[in-house]
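**Student:** Guided by the hints, dock chain B onto chain A, whose structure is given.
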Amino acid sequence: MGIRFVLLVNKQGQTRLAQYYEYLTLDERRALEGEIVRKCLARTEHQCSFVEHRNYKVVYRRYASLFFLVGVDNDENELAILEFIHLLVETMDRHFGNVCELDIMFHLEKAHFMLEEMVMNGCIVETNKQNILTPIQLMDKTS
Amino acid sequence: MAALVDTLLQRSLDDLIKSLRSQPTLESSIISRSISEIRREIRSTNPLTKSTALQKLSYLSSLHFLDISWSSFHSLELLPSPSFTFKRLAYLSASLSFHPSSDLLLLATNQLRKDLSPSSPSPVISLALDFLSLTASPDLARDLTPEIHSLLSSPNPSIRTKATATALRIFTRYPDSVRVAFKRLVDNIDSSAAIGVFCELSASDPKPYLPLAPDFYRLLVGSKNNWILIKVLKIFARLAPLEPRLARRIVDPVCEHLRRSNAKSLVLECARTVALSLADYDEAVRLVVEKVGEFLASEDDANLRYLGLHVLSMLGPRHSWAVEMNKELVIKSLCDPDANIRREALLLIMEMLFESNVVDISILLVSFASKSMPNPEFCNDILEAVLSACGRNVYELVMDFDWYVGLLGQMSRNPHCAKGDEIERQLVDIGLRVKDVRPELVCIARDLLIDPTLLGNSSIHRILSAAAWVSGEYAEFSRNPLELLEALLQPRTNLLPTSVSAVYIQAVFKVLTFCFCSYFERLESGHMLSSLGNPIAGTGCQEESDASTVVFGKGDNAAVGNLNNTGAIGCKPDSLSGSVNLDEQFTHASVLRMLNLIETAMVPLSNWGVVEIQDRALSVLCLIHMLQRFQVWNRDEEGLRKDGRVSEFANLMAGVFNQELGPVSANSQKRVSVPDGLILKENLADLTAVIGEEVNVSVSASTSFFHRKHHNGETGEETKILTESTSLLSEHRKRHELYYLPAGKDEAQSNDYPPANDPQLPVSQCGASEDLVELDDQPLLSRHRKPTKPRPVVVKLDDVDVRENSAPESTVDLKDDLLSGAVCDVLLGNEDNKPTKTQKKSAKSQRRKKDRPTYVEPASASQLRESGNLVHVELGSSSSKISRHGHSKEKQSSSQGIEDNEDGSQKNLTNSQHHYRKHKHRQDRDALPNLLPQTPVIQDFLL
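Residue numbers (our numbering), protein chains in the order written: chain A, 1 to 143; chain B, 1001 to 1943.
These are computed hints drawn from the structure, not numbers from a lab. No residue lacks a Cβ here, since even glycine has one placed at the ideal position from N, Cα and C. Any given hint might turn out to be false.
To be verified - Taking beta-carbon pairs under 7 Å as the criterion, some of the chain A residues facing chain B (in silico):
| # | residue |
| --- | --- |
| 1 | T15 |
| 2 | A18 |
| 3 | Y23 |
| 4 | L26 |
| 5 | R30 |
| 6 | G34 |
| 7 | H46 |
| 8 | S49 |
| 9 | M105 |
| 10 | H112 |
| 11 | E116 |
| 12 | C123 |
| 13 | V125 |
| 14 | T127 |
| 15 | Q130 |
In isolation and in its complexed conformation, chain A is listed as follows (with noise of 0.2 Å):
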């Protein structure tokens, strides 16, 4: 299904935002995010950015103390996915104005709206930056 989950993860590990494309139990949520995020934080700069785990990859991208993860399945093309993280950050950011870890805490509802717009079913489905903040921002208008 493409996207497996997407997740924010902070420099601690904390996980800040989850979403998930195939229905897991809190178990196994738990075991996952416990396993990749300790493989993905020990990596260096210098290393690449993709990690193999079980049948999936996992590509992922650090801005300032937040990681951004995303499960993919091993067909997928990574920097296209890399690409993907990025356009994410920066629609937080153009919403948000210099989004942080606190932003996306508080607007947790909002961030998932945000990447719904982007994502479906595990499908990119927008990638116009415009496009994806037009709803939320009527809907701000409207509360």
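**Tutor:** Just chain B now, with coordinates in the frame of chain A:
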């Protein structure tokens, strides 16, 4: 009033987050406190209170792994809220809390249908679509297919996009929906969402999507969107192998993208497409190799280096020149700071292993592993890779086994080596299978055994066990058996675990037997005189034999006091190991000395606490004592030779181990024919009743197990129990004669069983000879260097060994099958100009279905009646489910029940339709095989 207080006093999500952040140590208590608050708040009738509670719950579940499945019903309650904010919260928490197989999901059907109707505001529709794309169950997918179908042609592009993505979920959960909605999906093919959906759909079975190739091609050439291009390339990589003409057609545009594009992601995807499906087109491959070279050379980007290696290994075996060209960079990657890149490089190198380069590469890797290895993990990865590559298919790559055995020895000496198990297995396995390598194998084993430092490394004890076994089993190839014995008996062997010690003792036993027998052979053939030529050796020999007589004289007393002597053994035998010539070794004196040495070492072991060791040590001692009984030992060699008993004994001993061991085929048990009269499948249940009473007795008898140390005092008792149990057994036998095999026949039959590894067996023989023939016939390819010496015969028993790593047959699961069948029907059925009878019918019915989705053909009235009954049954069960879940909210559940009845009548229609379609579908699929070859839909496009 209480509700109002709740609302006023309720803590917001921000409050919760702030308190969690301000007191990180009290996290768990804060969470549990707020959960109890939430449980109260969530029941509130005030939507604001409820939504805030759900909001907090979603936060806690997302970030603190809290189980919120209990809250699903409350999210459902909030779903119909007219406020968009509440609705959004409800959908979000529902998507987080719902299990896809939850029954509660069905309760959401009506609300979803309402929200998905084209008259709803578009943000609401997209919320519902998001929810559906994550959670749709087969039932939900079936019920909401018409809604998705109409939304696929919505005027709002964002809704269309979302409906497209949701369609994927609907299709996979309910394949029959393809017949309704697929056409509209094809209409949207230009959007990135639709291409994503096609990419996912084609992953499991690409064949049905071949007719869409012209559309994909148009995108490949025309689209400016890299996301779309990447997905289109993925689809083509799957389609091209099915249709060679398609590959020819797409080579040029792919090369064009490779040359032109600045986006690395697109270049990477083009390179992968070429490696996967266009590897026949040299120009494309050359272009890819060029790009990969750039990737590999990018010093500052580990990602590109990694991906470069990845693409190279995809090109790998077919285009070895590509790897050859980048050889230096690949080897350099073995030292990359990134473990993933190192591993990828290793994988790539291992894939490039051929008979011609296996020696060079393995030597390179093994020495690399032992030299500059900061981390043991990767060092073991290397060893494992070499071991598995060389051991693959019964060592098919290995031409020179002497070299390979030496390599195994070198690996064992690697200080980080943790692959003892595999090396052990291969050492023994090679010994069994390859006759010609045994002398070298014994030599390597000796080097390992003799090194006292290796005994300290627990990770290679298994290897030492193999070495001991090899040198015992093939003692005849040992250049110096006495030295070997000393190695096997050296004091540091007490560091070995029990299982390995047991192997050591058994090896001592075999070597001893061998030495003894060859000594006698030499005596008999009259070569003994050669030792007389050396007077100094002669006198030495005399002295030593005197010394040994004394020890022998002590006999059993030695057994008590010799514990301390073990330490001395290591120092003493230096004089023995000097001789190299086999003939000169077995002098009277040296054999005596050997016996002495072994006895000294074995005596303490015969009192060891572990039976495995005790048992073997005792049998060695027993042999020595038997030899001792020949008084002629004390005289000279001449007397020994004349004594008939001694030579008879020697022959007997020689016979003990002369049966050669061989590899055992996995099939060998199947070859044993069942003797006449033995019924294996008979039900033996009644046997338990018969033996029930005796079981207890016999168990207690068989488990009475005595330690050797206490043995002396209790012998009488033990034998008593033994005789008791045997008498019980014979009594039982007498009573239930018919359940036993006939006693007399037993032995005769056992001869019928072919030995598992009998080289005379027709199967194994022809297998081996076939292998040889294969080897001879194979013209060595240009890259295969001619081996300097002929490859020795490797015994293969049958094709089991070889078939081990052949891929299992791919099985398409039923759902995919249904899905692709439906897609085939939609795509091919409509475009077919001259359909056969059944096809015409199916096409017609499809068209009709599409025009009037709720119309049921009168022809299927009888089916409808049948399925109507079915529906009633289903309805009953579903309403009972609802009442079960709705017990807390009675009012709600009753209204739901009514709604459900309305829904039911509708369902009646859809369901019967569904039934009918399914039936049709089966027919269509039957017709499919004829249909496919007849409809070359993409021919025009290709030519």
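**Student:** Now, for every hint given, state plainly whether the structure supports it.
**Tutor:** Structure-based check of all given hints:
1. T15: Interface hint status for T15 of chain A: holds (5 Å vs cutoff 7 Å).
2. A18: Interface hint status for A18 of chain A: holds (5 Å vs cutoff 7 Å).
3. Y23: holds (5 Å)
4. L26: holds (5 Å)
5. R30: holds (5 Å)
6. G34: Nearest chain B Cβ about 10 Å off; hint violated.
7. H46: holds (6 Å)
8. S49: holds (6 Å)
9. M105: holds (6 Å)
10. H112: Since the shortest Cβ distance to chain B is 6 Å, the answer is holds.
11. E116: Holds - the Cβ of E116 of chain A comes within 7 Å of chain B, reaching about 5 Å at its closest.
12. C123: Hint holds; C123 of chain A Cβ to chain B Cβ min 3 Å, cut 7 Å.
13. V125: holds (4 Å)
14. T127: holds (6 Å)
15. Q130: violated (11 Å)
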